[in-house]
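A.B. asks: Sequence:
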Amino acid sequence: MRLRLSSLSLLALAAASAVSAQKVPTAPISEQTLKEVTKELSSDAYEGRAPGSAGEEKTVAYLAKRFAAAGLKPGNKGSWYQDVPLVELTAHDVSPLVFTGAGAPLSLRYGPQMVVGSYRVAPREEVKDSPVVFVGYGVNAPEKGWNDYAGIDVRGKTVLILVNDPDWRTPTVGGTFNGRAMTYYGRWTYKFEEAARQGAAAALIVHQTEPAAYGWNVVQSSWTGAQQVADAADGHADQSAAVGWIQYDQAKALFARATLDFDALAAAASRKGFRAVPLKGVTASVSFDETVRKHMSRNVVGVLPGKTRPDDYVLYSAHWDHLGHCEAAPDGDDICNGAIDNASGTAALVALAEANAKAGPAARSQVFVAVTGEESGLLGSEYYAANPLYPLARTVGGVNMDALSLAGPAKNVVVVGKGKSELDWYLDAALGAQGRYASDEPTPEKGFYYRSDHFSLAKRGVPMIYFDAGDDLVAGGKAAGAAAAKDYEEHRYHGPKDEYDPNWNWAGTVRDVQLYYSIGRALAESDAWPNWVAGDEFRAIRDRSRAAAR
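The sequence shown lines up with residues 631 to 1180 when you count with this note's numbering.
What the hints contain is simulated information worked out from the structure, not anything from laboratory work. Don't take each hint at face value.
Unchecked claim - Listed below are the simulated DSBU-like cross-link pairs for lysine-lysine, each with C-alpha atoms no more than 30 Å apart in a straight line:
id, residue 1, residue 2
1, LYS988, LYS902
2, LYS902, LYS937
3, LYS653, LYS1041
4, LYS882, LYS902
5, LYS1116, LYS665
6, LYS910, LYS669
7, LYS653, LYS882
8, LYS1116, LYS669
9, LYS688, LYS882
10, LYS774, LYS758
11, LYS1127, LYS688
12, LYS1041, LYS695
13, LYS688, LYS902
14, LYS1041, LYS1108
15, LYS703, LYS669
16, LYS669, LYS653
17, LYS774, LYS665
18, LYS665, LYS924
19, LYS688, LYS703
20, LYS703, LYS1089
21, LYS665, LYS703
22, LYS937, LYS703
23, LYS1041, LYS882
24, LYS1041, LYS1127
25, LYS902, LYS924
26, LYS902, LYS1108
27, LYS707, LYS688
28, LYS1127, LYS774
29, LYS669, LYS1089
30, LYS1108, LYS1127
31, LYS703, LYS653
32, LYS707, LYS988
33, LYS695, LYS902
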C-alpha cells in the first residue's frame, strides 16, 4: 500500500503536523554496546541460541543481566521472563519421499532433494500411498473469489503447492494479491495451515528461488534438525502428518512422469478459475520418527515505567533465537551463530534500553521484549501478543528490529510495509533530522512484512514499524547495496557463516538504531495514538480495541 494524501484521515494529518512540528528526540547510541552484545550472543559458546538448549539458558541470563545494568526493571511482575511453552520436534530415520504409479518410482533424498517434518506432537509419522494432487498456490480466499481447493476433496491426499502468490510475477504492486508484493496467502506458513484445514495428509511446497526469495540451502538448513512448535493441548492433531518442500527440478520430473507439463500448469495456476489437477495414479509415501521434547522457552522483558502516563506503553522488540546446530559448512562448522540474524537486533534492543534509561523516564512506559522462537514461526511474539503482559489496547505502538545491516552508512532506509500506518510520519521526521529518506521495498515479493515479530502485534491492531537498512549506500550507491544484500543472502543467511566480524563498519548501524530511538521516544513523550491508515487490513481491529479501552 502506498500512502496517498487523499487517503489520509484528519487524524493522520494532525499526527503528521504534530510530529513535524516537534523536535525529534535524539540520544547517543553506544557502538560499544552494539559490538559487545552482538559478539557475545553470536559466539560459539551460545551454540546458535536454539530455544530449549543450553544456549538459550546463557542467552536469556545474559540479556536479563544487560537489561538490569541498562537501568530497566523486570517486566513481568518482578521477573525478567515470560514463559513460552514450546515443543521441540526432531525428525530422524527419515525415509526417502517416494512417488509411484507413473513409470519408474521417483525417490527423493532427505536434505538434498526434499525436506519433511510435522507439526504434530507424535513419535512417528507415516504417509503411505497417498494420492497426489497439484493445488496451484494452495489459496482459499473467499473475499477475493479465489479457491484453489474448489471442487476437489484432498482429505488423506498429498498436495503439491507453489510458493508465493498467484500474481508474484507482476512487476507492479496492486491487483488481486497485491501484485509483486506478497500477501499472507503467499507465505509457506499459510499454505500449510490451509492444507491442514482441507484435510491433506501431506503438504509439499515446490521450491523456486525467485518466488521463495532464498535458495535451497536456506530450506535445507532451516528445515533439518530440531524444530520448534507451540505447545497445544491436542498435540496439533488437526495438522497434516507431513509438511515440507521439494526441489523444483524434482517436481518437474514427477510431473513429466505423469505426462503433465509443470511449467504450463504453474502458469495456469496464476489465473483465476484454476482447478486442482490430480496426478492420475500417482501416490506418495514417506515416514519418519520424531524425538519429542516439551520445554519452557522464555521471552525476556524489561520496562522503564512512565512518569505521567505509566499505563500507556511503547513496545520495542527483537528476537534473540537462531537455529542452533545446523547443516555443516564444508569446513565442518555446524553452528548457525546468527550474528546479524539476530544478535545485531538484540544488541540494538539493549543499546536502546541504555539510551532511554540515561535520558530518564518518558511520559509513557517503555517495554523492551527479546522474544524467542522467531525462526520457528514467530512463536515468542505470538505468545506475547496472545498473552500480553501489558494491554494491547493501551500499547501505543512500537518498533521491531531484525537483522541490522553492517554494510556501512546508507542514504535511506527500506520500510517494510511503507504507507500502512501513521508511524511513517515519526520515521520521516527522524530521517529528515539525519538528512536521509525512506524507500519502498525493492523486493516486496519476499513478504518480509509477514516474516518478523512485528506481525504478531500488527495483526492484533497494534501499529508497529519495521524497516531494513538502506540499499542506497553512501559508498557505492544502490549497486553496492544490492551486492551486499546478495552476498549475505547467498553466503551467510541461515548458515554457519553468519558470524561476528571485527572488521564490520558500525557507523550506519548506529544511525539506524538512532532512528528507532527517535521514533520510540517521540511516541513515549507524546499523547498521540497513531493508527493504521484508513482502509488498512489492521485498522478495524485497532479501532475496536481503542474504543473498548476508552
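A.B. asks: Output the indices of the hints that this structure fails to meet, ascending.
C.D. replies: 1, 2, 6, 7, 9, 10, 12, 13, 16, 17, 18, 23, 25, 26, 28, 29, 33
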